[in-house]
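First to last, the protein sequences are chains A and B. Note that this note's numbering has the first sequence beginning at 92, numbered continuously upward. Note that this note's numbering has the second sequence beginning at 92, numbered continuously upward.
Keep in mind that a hint or two might mislead.
20 Å max Cα-Cα, derived SDA-like pairs, lysine to any residue [what the hints assert, rightly or not]:
| no. | chain 1 | residue 1 | chain 2 | residue 2 |
| --- | --- | --- | --- | --- |
| 1 | A | Lys348 | B | Ala321 |
| 2 | A | Lys342 | B | Ala321 |
| 3 | B | Lys348 | A | Lys348 |
| 4 | B | Lys348 | A | Lys156 |
| 5 | A | Lys348 | B | Ser476 |
A few chain B residues facing chain A, derived, Cβ under 10 Å [as the list claims (entries may be wrong)]:
| no. | residue |
| --- | --- |
| 6 | Gly102 |
| 7 | Val105 |
| 8 | Leu235 |
| 9 | Arg335 |
| 10 | Ile343 |
| 11 | Pro552 |
It should be emphasised that the hints constitute simulated quantities derived from the structure, not laboratory data. Fair warning: this is a prediction, and the values are worked out from it, not measured in the lab. Every residue gets a Cβ at the ideal spot worked out from N, C-alpha and C, and that includes glycine.
2 protein chains.
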Amino acid sequence: MTVTGDQFIGGRSVSGAGKEFHAIEAATGNALEPAFHGGTGDDVEKAAAFAWQAFPNYRETTLEKRAGFLETIADQIIAIGDELIDRATRETGLSASHLERERTRTVGQLRLFAKEVRRGDFQELRFDPADPNRLPVPKPDLRLRNVALGPVAVFGASNFPLAFSVAGGDTASALAAGCPVIVKAHPAHPGTSELVGRAVQKAVELAGLPAGTFAMLQDSGFEVGQALVADPRIRAVGFTGSQRGGLALMKIASERKQPIPVYAEMSSINPVILFPNALRNRAEEIGKAFVSSLSLGAGQFCTNPGLVLAIDDSNLERFIASATSALSVTPEQTMLTGGICEAYKNGVAKLSGHVEVTKLSTGTANGSHQVSAALFETNGAAFLSHHALHEEVFGASSLIVRCRDENELRGVLEALEGQLTVSLHVDDGDLDAARVLVPTLEMLAGRILVNGFGTGVEVSPAMVHGGPYPATSDGRSTSVGTLAIYRFLRPVSYQDFPIDLLPPALRASLEV
Amino acid sequence: MTVTGDQFIGGRSVSGAGKEFHAIEAATGNALEPAFHGGTGDDVEKAAAFAWQAFPNYRETTLEKRAGFLETIADQIIAIGDELIDRATRETGLSASHLERERTRTVGQLRLFAKEVRRGDFQELRFDPADPNRLPVPKPDLRLRNVALGPVAVFGASNFPLAFSVAGGDTASALAAGCPVIVKAHPAHPGTSELVGRAVQKAVELAGLPAGTFAMLQDSGFEVGQALVADPRIRAVGFTGSQRGGLALMKIASERKQPIPVYAEMSSINPVILFPNALRNRAEEIGKAFVSSLSLGAGQFCTNPGLVLAIDDSNLERFIASATSALSVTPEQTMLTGGICEAYKNGVAKLSGHVEVTKLSTGTANGSHQVSAALFETNGAAFLSHHALHEEVFGASSLIVRCRDENELRGVLEALEGQLTVSLHVDDGDLDAARVLVPTLEMLAGRILVNGFGTGVEVSPAMVHGGPYPATSDGRSTSVGTLAIYRFLRPVSYQDFPIDLLPPALRASLEV
Numbered sequence: 092m093t094v095t096g097d098q099f100i101g102g103r104s105v106s107g108a109g110k111e112f113h114a115i116e117a118a119t120g121n122a123l124e125p126a127f128h129g130g131t132g133d134d135v136e137k138a139a140a141f142a143w144q145a146f147p148n149y150r151e152t153t154l155e156k157r158a159g160f161l162e163t164i165a166d167q168i169i170a171i172g173d174e175l176i177d178r179a180t181r182e183t184g185l186s187a188s189h190l191e192r193e194r195t196r197t198v199g200q201l202r203l204f205a206k207e208v209r210r211g212d213f214q215e216l217r218f219d220p221a222d223p224n225r226l227p228v229p230k231p232d233l234r235l236r237n238v239a240l241g242p243v244a245v246f247g248a249s250n251f252p253l254a255f256s257v258a259g260g261d262t263a264s265a266l267a268a269g270c271p272v273i274v275k276a277h278p279a280h281p282g283t284s285e286l287v288g289r290a291v292q293k294a295v296e297l298a299g300l301p302a303g304t305f306a307m308l309q310d311s312g313f314e315v316g317q318a319l320v321a322d323p324r325i326r327a328v329g330f331t332g333s334q335r336g337g338l339a340l341m342k343i344a345s346e347r348k349q350p351i352p353v354y355a356e357m358s359s360i361n362p363v364i365l366f367p368n369a370l371r372n373r374a375e376e377i378g379k380a381f382v383s384s385l386s387l388g389a390g391q392f393c394t395n396p397g398l399v400l401a402i403d404d405s406n407l408e409r410f411i412a413s414a415t416s417a418l419s420v421t422p423e424q425t426m427l428t429g430g431i432c433e434a435y436k437n438g439v440a441k442l443s444g445h446v447e448v449t450k451l452s453t454g455t456a457n458g459s460h461q462v463s464a465a466l467f468e469t470n471g472a473a474f475l476s477h478h479a480l481h482e483e484v485f486g487a488s489s490l491i492v493r494c495r496d497e498n499e500l501r502g503v504l505e506a507l508e509g510q511l512t513v514s515l516h517v518d519d520g521d522l523d524a525a526r527v528l529v530p531t532l533e534m535l536a537g538r539i540l541v542n543g544f545g546t547g548v549e550v551s552p553a554m555v556h557g558g559p560y561p562a563t564s565d566g567r568s569t570s571v572g573t574l575a576i577y578r579f580l581r582p583v584s585y586q587d588f589p590i591d592l593l594p595p596a597l598r599a600s601l602e603v
Numbered sequence: 092m093t094v095t096g097d098q099f100i101g102g103r104s105v106s107g108a109g110k111e112f113h114a115i116e117a118a119t120g121n122a123l124e125p126a127f128h129g130g131t132g133d134d135v136e137k138a139a140a141f142a143w144q145a146f147p148n149y150r151e152t153t154l155e156k157r158a159g160f161l162e163t164i165a166d167q168i169i170a171i172g173d174e175l176i177d178r179a180t181r182e183t184g185l186s187a188s189h190l191e192r193e194r195t196r197t198v199g200q201l202r203l204f205a206k207e208v209r210r211g212d213f214q215e216l217r218f219d220p221a222d223p224n225r226l227p228v229p230k231p232d233l234r235l236r237n238v239a240l241g242p243v244a245v246f247g248a249s250n251f252p253l254a255f256s257v258a259g260g261d262t263a264s265a266l267a268a269g270c271p272v273i274v275k276a277h278p279a280h281p282g283t284s285e286l287v288g289r290a291v292q293k294a295v296e297l298a299g300l301p302a303g304t305f306a307m308l309q310d311s312g313f314e315v316g317q318a319l320v321a322d323p324r325i326r327a328v329g330f331t332g333s334q335r336g337g338l339a340l341m342k343i344a345s346e347r348k349q350p351i352p353v354y355a356e357m358s359s360i361n362p363v364i365l366f367p368n369a370l371r372n373r374a375e376e377i378g379k380a381f382v383s384s385l386s387l388g389a390g391q392f393c394t395n396p397g398l399v400l401a402i403d404d405s406n407l408e409r410f411i412a413s414a415t416s417a418l419s420v421t422p423e424q425t426m427l428t429g430g431i432c433e434a435y436k437n438g439v440a441k442l443s444g445h446v447e448v449t450k451l452s453t454g455t456a457n458g459s460h461q462v463s464a465a466l467f468e469t470n471g472a473a474f475l476s477h478h479a480l481h482e483e484v485f486g487a488s489s490l491i492v493r494c495r496d497e498n499e500l501r502g503v504l505e506a507l508e509g510q511l512t513v514s515l516h517v518d519d520g521d522l523d524a525a526r527v528l529v530p531t532l533e534m535l536a537g538r539i540l541v542n543g544f545g546t547g548v549e550v551s552p553a554m555v556h557g558g559p560y561p562a563t564s565d566g567r568s569t570s571v572g573t574l575a576i577y578r579f580l581r582p583v584s585y586q587d588f589p590i591d592l593l594p595p596a597l598r599a600s601l602e603v
């Protein structure tokens, strides 16, 4: 398999006629071959028409057929082999071993959704029998099932070239729900996207599904994505990226004639709360583990620990000493793109120059595509009065907030915007203090962890990778884990249907 | 109990300091005593503060306590006795027997949600155990539950003074989910609202719940409602009413610093499709049943059959003859308010004057507060080219569309906006033709009925009273039936929590 610069529409490889662009090698800034061309309005129109045409058939595929399709996608991704890892490494600067793990997660995710489809619970079948003798009026027979929303637009994420891109979590959950998917590939890894896109297209063919079940469009700008979200045949959007990007899509979606849900996973600083006993017993250990989490993948995870809260005491100094020491030996890492690298450096510079902030460590010196992790500190009062300090710096930057006491720490938590995760580091003596905070944390974030860090998001039934706005656009859902399938479904009720007219899944218990 | 003109905030009766207004007797247009005063910004502020304060306690009440509270509300509503029906009859013009049935539905709804709370399934408890031996990294322990969103603003509906007002479906489902509720009473029935509000306040007291669990504000204008939706402590909105009203609230909610979900049930013309064999076998019977549904409660139901589609043939003439004959003996009915009556007359006049529309019947002559049902006809081509004909006329007005053939009928269905219900009238020979349409209908509406009409919405587990925009603001949910509880919940994941720190419901299966 070779990267050719193609898009995929209607089961065919299609050259874009839009603006030319190249993948950029993250580590060097050099352009990679071949050239890609952005899609056009006409490509969006065709892809949407194919998806709309495929929808009635695809959404009524048997559970077995749909599950098999998801498994075939996984097999086809594995079948790409080393070329996928090589290309992704060059395009993203992530290490081969990182990307191998991400590939494992990606195919595992597809297979998990296959199981979820076979289990069938997501259909939410409800049987609510008639009662002809009820007074004053007979009760009708009612049955309910979830149906797929319609074609879904999925935006590839820059930081997960496999697990949240062409065949990533949003695509897997939307396909599992019975929705055709049109992917807008992320321009930071167009070759990786093409390789995976071709694998999905192959799977569509092998499964004998309508060609419009899947499409993938390229674009280095915003036009294709915006046109996609505005298209009346698109019925939901999955997005992982910046707050600016997410808000722009939400605006387009809400101004449509028929507004549609946008599931945007946007920004989070993922507070870490260090409790006194945990700090006393394990300050050094926690400090090291914190730096490990902070610098994982150059800090380019949505669950990166960007904020550390603790009551100011001598054990916090031990944590800081341990963290700064670990940071000093953390090597520079390549960031995903020049733009992300630039934004990180700006964010770090802004913190460095902030009057209320002290720089603790910036590891080694910055290169032009490589950066080092950065650690800062401030106090609770300063944090509370400077909203700029609440903002995410995407990358391995974190801010320690020294709180005067429990009340101030609580005040800081209550002043925060919605988050994906909150981590608590506690030992036995901390449980009472932690318990008091849990209700606040439940309102703040989608996932609360004890003695761990938010990075390393498990793909499983009880995962919530979501949280109140602005962590996501819709805190009622998750983008990781099997619960994600519900984002792309809506309930339909069937009243007094003759058995022959019911969808097969709802015929089951009709026999008297 | 007597109507005093009060609001309820923080467990106390509070006089409004805003603009004075009176309830208007629907049948006569006369003002009723006593005077009401609208709430102020200060009242909104206080109610929101009380609700926010009550929230942590209320959302963690035991299932048994919360269920008992809902049942106590039902008991307290019954305990008001005849005064409730008398006042509601005067304020709404609905008949006493209609309102008695609506009261039965309202208390039944509260008791059904009590059962749903005891059952506890809405918590969505998920146990996802650790696997310390997993490679390359151990799997954490994950548990998930749904938590309540926060205080909910509920807007009383003009057309359901009991079942969708102060202690109606939105309030019942939000309270069941663990959310405190602040009701903005509908100014068309402030006295009815006060009586029910006092019953709920009494139930809060009897159940020993925090005073902020419930509040009710009055206002004849929009200020109180708008301030409520904008308040940062309000986390969701339940609304049943006009499209204009729903869209205004959606706009406020989306422009907040933290946008919140608005569940607005707005407008629907509820297409009825008459198939050829059903018409041949039962044209007269269907015609009579149609008029019964059309004129129920002066046609002021969201599920009122405002559109009839059939292939033009001689059996359709029989249906029309039967319907017009039934309409001619349908008595005039009082509408809910002068404004609604005026809007109905305007809508009917617009249809009467439309060049492509023929007036079939307007029953008896219109009075100044009483109106008669109206029936019109047009053809498929005209309907397709005049979007004004797709708009709801709130009240007992319906439009028959004569379609040339199955294709045109299908074209009409595909041109419609989202609906709450679609009804099919079929006999044996129609099933093949109906089956072909079902996928289109599933995309069009939240509920599909066979050989019935949408009015008479069952409150039960498999009901969907919802549907694609603009029937509602969010087609992924229902406002009637037990599934409505999910509108006010969001999932939270707990990772590696010590047993003592977990919410009680999630401790269950921890023991090894």
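Inset, instruction - For the hint on Ile343(B), just tell me whether its beta-carbon gets within less than 10 Å of chain A. - result: violated, 13 Å
Inset, instruction - May I ask you to test the interface hint for Val105(B) with respect to chain A, counting a Cβ-Cβ separation under 10 Å as satisfied? - result: Violated. Min distance 28 Å.
Legend entry - Satisfaction of hint between Ala321(B) and Lys342(A), Cα-Cα up to 20 Å: holds, 19 Å
Inset, instruction - Decide if the proposed pair is consistent with the structure: Lys348(B) and Lys348(A), CA atoms, cutoff 20 Å inclusive. - result: Cα-Cα ~24 Å, so violated.
Legend entry - Closest C-beta approach of Leu235(B) to chain A relative to 10 Å, hint status: Cβ of Leu235(B) sits 4 Å from chain A, so the hint holds.
Legend entry - Lys348(A) paired with Ala321(B) [C-alpha distance capped at 20 Å]: Given pair Lys348(A), Ala321(B) is violated - Cα atoms ~24 Å apart, limit 20 Å.
Inset, instruction - Below or equal to 20 Å on CA atoms is what counts here, so check Lys348(A) against Ser476(B). - result: Distance of about 18 Å is within 20 Å: holds.
Inset, instruction - Given the hint that Lys348(B) pairs with Lys156(A), test it: the Cα-Cα distance must not exceed 20 Å. - result: violated, 44 Å
Inset, instruction - Using Cβ atoms only, decide whether Gly102(B) comes closer than 10 Å to chain A, and label the hint accordingly. - result: At about 22 Å, which exceeds the 10 Å cut-off, the nearest Cβ of chain A leaves the hint on Gly102(B) violated.
Inset, instruction - Return the status of the interface hint for Pro552(B): holds when the least beta-carbon distance to chain A is below 10 Å, violated otherwise. - result: Since chain A brings a Cβ to about 5 Å from Pro552(B), closer than 10 Å, the hint holds.
Inset, instruction - Let me know if the C-beta of Arg335(B) comes in closer than 10 Å to any C-beta of chain A, holds or violated. - result: With Cβ-Cβ at 16 Å, over 10 Å, it is violated.
In this structure, the hints that do not hold are numbers 1, 3, 4, 6, 7, 9, 10, in rising order.
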